[in-house]
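Colleague: Chains as they are written, first to last, in the working numbering: chain A, 1 to 319; chain B, 1 to 333.
Source of the hints: derived by calculation from the structure; they are not laboratory data.
Any given hint might turn out to be false.
So, partial list: chain B residues that the calculated Cβ filter (under 8 Å) puts toward chain A [as the list claims (entries may be wrong)]:
1. Y35
2. A74
3. S85
4. D104
5. Q105
6. Y115
7. Q118
8. G295
Ideal Cβ placement from N, Cα and C applies to all residues, glycine included.
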Amino acid sequence: MSSEQIALPDRTNCVRLLRMMREIRQFEERIITLYPTDVMVTPVHLHIGQEAAPVGVCAHLTPADTIFFTHRTHGPALAKGLSMRKLMAELYGRTTGCSRGYGGSMHVVDPEHGMLGSSSIVGGGIAMGVGSALASKQMGRDWISVSYFGDGATDAGIFWESLNFAALKSVPVLFLCENNQLSNVMPKSEHLSVELANAAGAFMPASSVDGTDVLAVHEAAGRAIRRVREEKRPVFLECRTKRWMKHQGIERDDLPWNPVDREKDCPIRKLEQRLSEAGWMTAETIHDMARGIEKQIDDAVEFARQSPFPAEDELIREV
Amino acid sequence: MPWSRITQSHAAHDGDRIITYKEAIGEAIDQAMEYDPRVFAIGLDANDKFGVFGTMLNLTHKERVIGTPISENAMTGVALGAALSGLRPIMIHLRVDFMMVAMDQIVNYVAKWRYMFQGQVKVPLVIRAVIGRGWGSGAQHSGTLQSLFTHIPGLKVMMPSSPYDVKGLFLAAVKDDYPVIFIEHRWLYKNTGHVPKEMYCLPIGKGHIVRQGNRLTVVATSIAVIDTLAACKDNDLDVEVLDPRTLKPLDEELILQSVAKTGRLLVVDYDFPRCGFASEVCALVAEKGFQYLRGPVQRLTFPECSMPASGVLEKAFYPSSARIATRIREILK
Chain A
1 MSSEQIALPD RTNCVRLLRM MREIRQFEER IITLYPTDVM VTPVHLHIGQ
51 EAAPVGVCAH LTPADTIFFT HRTHGPALAK GLSMRKLMAE LYGRTTGCSR
101 GYGGSMHVVD PEHGMLGSSS IVGGGIAMGV GSALASKQMG RDWISVSYFG
151 DGATDAGIFW ESLNFAALKS VPVLFLCENN QLSNVMPKSE HLSVELANAA
201 GAFMPASSVD GTDVLAVHEA AGRAIRRVRE EKRPVFLECR TKRWMKHQGI
251 ERDDLPWNPV DREKDCPIRK LEQRLSEAGW MTAETIHDMA RGIEKQIDDA
301 VEFARQSPFP AEDELIREV
Chain B
1 MPWSRITQSH AAHDGDRIIT YKEAIGEAID QAMEYDPRVF AIGLDANDKF
51 GVFGTMLNLT HKERVIGTPI SENAMTGVAL GAALSGLRPI MIHLRVDFMM
101 VAMDQIVNYV AKWRYMFQGQ VKVPLVIRAV IGRGWGSGAQ HSGTLQSLFT
151 HIPGLKVMMP SSPYDVKGLF LAAVKDDYPV IFIEHRWLYK NTGHVPKEMY
201 CLPIGKGHIV RQGNRLTVVA TSIAVIDTLA ACKDNDLDVE VLDPRTLKPL
251 DEELILQSVA KTGRLLVVDY DFPRCGFASE VCALVAEKGF QYLRGPVQRL
301 TFPECSMPAS GVLEKAFYPS SARIATRIRE ILK
């Protein structure tokens with residue numbers, strides 16, 4: 001379904017979606033600027049180009065809903081409510097970071113916003129999302145859980161084990177596959193023999209959506225999450241997206257089998273165009289929004305810079 | 001649930017309520033589930049008619065026992081996710097060998113979660129690992145592997161040898177907000193001893209002297225405690241037997257105090273020898289108690305090979321009270 005066929009949600013929601021995608025984009029563009037100065041002490045896996053998936057999905061989640069994502073943390077973490085200050089300070093290795101400097105870019109946490117820890121080993125977080133949903137069900141709560149992963153994770157046994165168990169026990173979990181069609185540098189055609197939505201569909205309702213279009217993701221995720229909440233059962237959603245950056249680091253991806261058209265495949269550009277056409281945003285209001293976000297990032301950088309490093313004698317804690 | 005109200009340590013070790021080790025662990029699980037609705041059990045065959053070697057046959061809350069597919073790694077992730085979200089899972093493995101399938105989750109996730117996020121999330125997860133030798137069970141059904149878990153920062157490791165300890169430590173493990181590997185040798189299940197009916201928690205990281213003696217300290221774990229006691233009694237040996245009960249945290253002070261008195265150390269641990277728990281205790285005494293030693297530190301462990309099936313080879317493989325006695329006599333010669 002192309003974005004033209006999808007009705008715009010209300011104006012406030014649309015502006016919110018745009019703002020959140022821009023926050024992720026601009027936050028990571030700042031990382032690219034700062035990274036060569038060695039102020040950040042951690043490997044980064046950037047989300048640039050893939051912003052529609054976390055933003056479209058997290059728009060439907062409450063702070064109580066839990067989410068378990070991967071090494072590519074910044075997108076879903078910001079979209080789920082982690083503050084820029086805490087995330088930036090974590091990248092700087094400071095005590096004010098979300099993980100107090102013990103986690104780094106790949107291991108972020110924010111219990112107040114349902115982020116109970118992200119994993120940088122591909123696949124494992126999927127099962128944790130199922131366990132969290134099991135807890136919600138056993139305790140008779142209303143919140144749901146999201147297992148958020150990439151297509152590479154679907155190669156792992158734990159993905160299939162988790163689909164099976166979630167379906168057997170009928171727990172309220174959304175399996176969200178952000179499919180950038182790359183497992184590190186390997187194309188999907190070489191690492192996966194099935195169409196994901198088809199295969200997952202053997203276990204639960206499953207669908208696939210254009211993950212470069214935030215309105216499409218927002219609509220599909222809304223439907224999927226409603227089913228998870230109302231029917232208290234697992235649902236699978238694939239967001240087909242494009243990775244603009246290398247698997248790790250701050251360089252653009254240049255794999256010949258990963259052609260990216262930064263005009264056509266840009267979720268931010270797509271939404272801005274729709275909002276301009278609707279008369280809800282102008283070049284000027286977009287510019288204002290971007291400037292506001294830059295100030296927010298300035299503040300986060302300054303906060304990180306001013307924050308203390310952990311003390312050496314705090315090395316052995318929480319073991 | 002106010003677990004803080006449960007008695008810390010129980011003074012009356014002696015009493016006339018005699019039950020088996022198996023009944024003691026079963027009672028602990030039942031009481032934990034009864035006391036706290038957040039406690040549930042999950043594992044392969046956890047809810048079948050055998051009830052995990054009979055340890056979970058008579059539970060009040062059977063509805064909180066989840067049998068799982070053969071998906072140990074994912075199920076460990078499920079238990080971890082549930083623990084992070086407010087439940088207190090008891091995960092069960094009928095053989096420690098099967099737990100190896102879940103080592104990714106145990107080592108990379110369970111053990112590291114509190115550290116990576118500095119305690120902002122809690123991991124109240126107990127993983128029961130049943131160990132022990134079968135009858136020709138062979139290499140893949142007779143593992144022990146306590147040293148492997150003890151090696152990993154972030155895991156507590158318990159190995160109780162008596163019915164009293166198994167109940168008190170199990171409840172302490174469920175109460176704790178850190179992950180605990182709880183290792184039960186199934187040949188202990190039939191052993192009997194005094195166990196108070198009420199709930200009590202033993203302190204984590206405190207060993208105890210199970211037999212007083214003057215000429216040698218034997219540090220033994222799990223069923224090796226029983227074998228060592230038998231060896232000492234049958235041969236009237238002047239030996240102190242120390243059961244650390246928890247391998248990590250380890251009661252270093254008690255071990256060093258005992259060696260200060262006896263001047264000699266033998267560690268009896270039924271696990272592989274290299275980089276093992278026995279090696280660790282020897283290293284501890286060599287580093288911090290060298291001045292007390294009147295002879296070299298010694299280990300009695302499995303040999304450096306996997307478990308064989310044939311009875312003749314099994315007999316050669318496993319230490320026994322007779323072999324422990326022989327070894328002690330050699331040391332005391």
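Colleague: Are the hints correct? Go through all of them and say.
Modeller: Evaluation of the provided hints:
no., hint, result
1, Y35, "violated (16 Å)"
2, A74, "holds (3 Å)"
3, S85, "holds (4 Å)"
4, D104, "holds (7 Å)"
5, Q105, "holds (6 Å)"
6, Y115, "holds (5 Å)"
7, Q118, "holds (5 Å)"
8, G295, "violated (33 Å)"
Hint check: violations occur at hints 1, 8; the rest are consistent with the structure.
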